[in-house]
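Taking the hints into account, I'd like the entire structure generated from these sequences.
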Amino acid sequence: MKILLTAFFLLFSQELSFTWHQQEYDAIIVDPTKEVIRMHWLDDKGIPYKNIAAVKQASGKDILMITNGGMFQPGNVPVGLYIENGKTIRPLDTSQNKPGNFYLLPNGVFYMDKEGAHVSTTSSFKNKDISYATQSGPMLVIDGNIHPMFKQGSENVNLRSGVGIMPDGKVVFIISKSNQTNFYEFASIFKEKFGCKNALYLDGAISKMYLKRNRKEDVGGDFGVMITVSAQ
Numbered sequence: 111m112k113i114l115l116t117a118f119f120l121l122f123s124q125e126l127s128f129t130w131h132q133q134e135y136d137a138i139i140v141d142p143t144k145e146v147i148r149m150h151w152l153d154d155k156g157i158p159y160k161n162i163a164a165v166k167q168a169s170g171k172d173i174l175m176i177t178n179g180g181m182f183q184p185g186n187v188p189v190g191l192y193i194e195n196g197k198t199i200r201p202l203d204t205s206q207n208k209p210g211n212f213y214l215l216p217n218g219v220f221y222m223d224k225e226g227a228h229v230s231t232t233s234s235f236k237n238k239d240i241s242y243a244t245q246s247g248p249m250l251v252i253d254g255n256i257h258p259m260f261k262q263g264s265e266n267v268n269l270r271s272g273v274g275i276m277p278d279g280k281v282v283f284i285i286s287k288s289n290q291t292n293f294y295e296f297a298s299i300f301k302e303k304f305g306c307k308n309a310l311y312l313d314g315a316i317s318k319m320y321l322k323r324n325r326k327e328d329v330g331g332d333f334g335v336m337i338t339v340s341a342q
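Residue 111 is where the sequence shown starts when you use the numbering used here, and the numbers rise one by one after that.
Any given hint might turn out to be false.
[Claimed, not checked] Straight line, CA to CA, 20 Å or less: simulated EDC-like cross-link-like pairs of lysine to aspartate or glutamate: (1) 236 x 223; (2) 322 x 125; (3) 303 x 134; (4) 307 x 278; (5) 287 x 327; (6) 322 x 136; (7) 171 x 194; (8) 303 x 125; (9) 160 x 194; (10) 307 x 141; (11) 160 x 332; (12) 307 x 225; (13) 303 x 253; (14) 171 x 141; (15) 301 x 125; (16) 160 x 328; (17) 171 x 327; (18) 197 x 223; (19) 144 x 223; (20) 224 x 194; (21) 144 x 125; (22) 224 x 278; (23) 236 x 194; (24) 144 x 225; (25) 155 x 194; (26) 166 x 327.
By construction, these hints were calculated from the structure, which means they are not laboratory data.
Listed below in structure tokens is the structure:
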């Protein structure tokens with residue numbers, strides 16, 4: 111009965127909470143053929159939205175999820191590529207040997223095109239007919255393999271959020287509930303639990319994720335790019 115109830119819940123809400131190696135997580139599974147994934151940075155006056163509440167209010171749609179979508183510089187300016195409504199607003203960053211998670215290479219891009227949603231490494235990304243894209247890093251899973259720099263049992267723990275592409279083309283967004291997750295364990299969720307061949311880290315300690323049912327209170331933040339999922 112528990113298995114049947116869980117399946118029923120996922121079918122109608124797409125949100126789920128789960129435990130992985132003694133740590134708790136929230137997630138949402140999105141079907142790009144049935145839901146709309148968009149990215150947001152500036153409002154109609156050219157001012158960064160900054161927080162989830164502002165994006166939610168401005169969208170005027172049935173919002174299922176909002177989360178911060180990558181690192182940013184002072185002024186809430188995205189680090190790396192940002193494409194919105196087919197327009198490249200910030201260029202791809204191919205820098206190397208810089209500090210920070212973004213430059214723990216390979217990093218990557220989460221993007222949307224007419225064929226659906228994708229995650230690719232920065233070096234493999236082709237900017238052609240892209241509707242939305244945000245660059246972040248590091249990659250979590252690369253062609254079915256966990257990022258080679260991640261160490262099992264690492265004491266580098268924090269809050270983690272990320273996005274991955276499942277074998278059927280659905281998108282899974284995941285955020286940890288505590289600051290006790292290392293990169294290896296987080297990447298292993300995408301690879302082992304959800305079968306993602308490619309997954310990308312979105313952000314760490316400051317991350318938030320509004321979910322319509324499970325995380326209604328997560329509406330603050332001070333971000334650059336934000337990603338929304340809405341009903342069609």
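The hints, checked one at a time:
1. 236 x 223: 11 Å, holds
2. 322 x 125: OK: residue 322 and residue 125 at ~9 Å, within 20 Å.
3. 303 x 134: 14 Å, holds
4. 307 x 278: Cα-Cα ~11 Å, so holds.
5. 287 x 327: Status holds; Cα separation ~13 Å.
6. 322 x 136: 12 Å, holds
7. 171 x 194: 18 Å, holds
8. 303 x 125: Within the cut-off at roughly 15 Å; holds.
9. 160 x 194: 16 Å, holds
10. 307 x 141: Status holds; Cα separation ~17 Å.
11. 160 x 332: Roughly 5 Å between the alpha carbons, so the hint for residue 160 and residue 332 holds.
12. 307 x 225: 17 Å, holds
13. 303 x 253: 16 Å, holds
14. 171 x 141: Holds. Residue 171 to residue 141 sits at ~17 Å (cutoff 20 Å).
15. 301 x 125: 19 Å, holds
16. 160 x 328: It holds: about 13 Å lies between the C-alpha atoms, which stays within 20 Å.
17. 171 x 327: It holds: about 18 Å lies between the C-alpha atoms, which stays within 20 Å.
18. 197 x 223: Satisfied, since the Cα-Cα distance of roughly 12 Å is no more than 20 Å.
19. 144 x 223: This hinted pair holds, its Cα atoms lying about 15 Å apart.
20. 224 x 194: The given pair, whose Cα atoms are some 14 Å apart, holds under the 20 Å limit.
21. 144 x 125: 15 Å, holds
22. 224 x 278: 16 Å, holds
23. 236 x 194: Between residue 236 and residue 194 the Cα gap is close to 16 Å, so the pair holds against 20 Å.
24. 144 x 225: Distance ~13 Å between residue 144 and residue 225 Cα, so the pair holds.
25. 155 x 194: Holds, at about 15 Å.
26. 166 x 327: 12 Å, holds
The structure meets every hint from the earlier list without exception.
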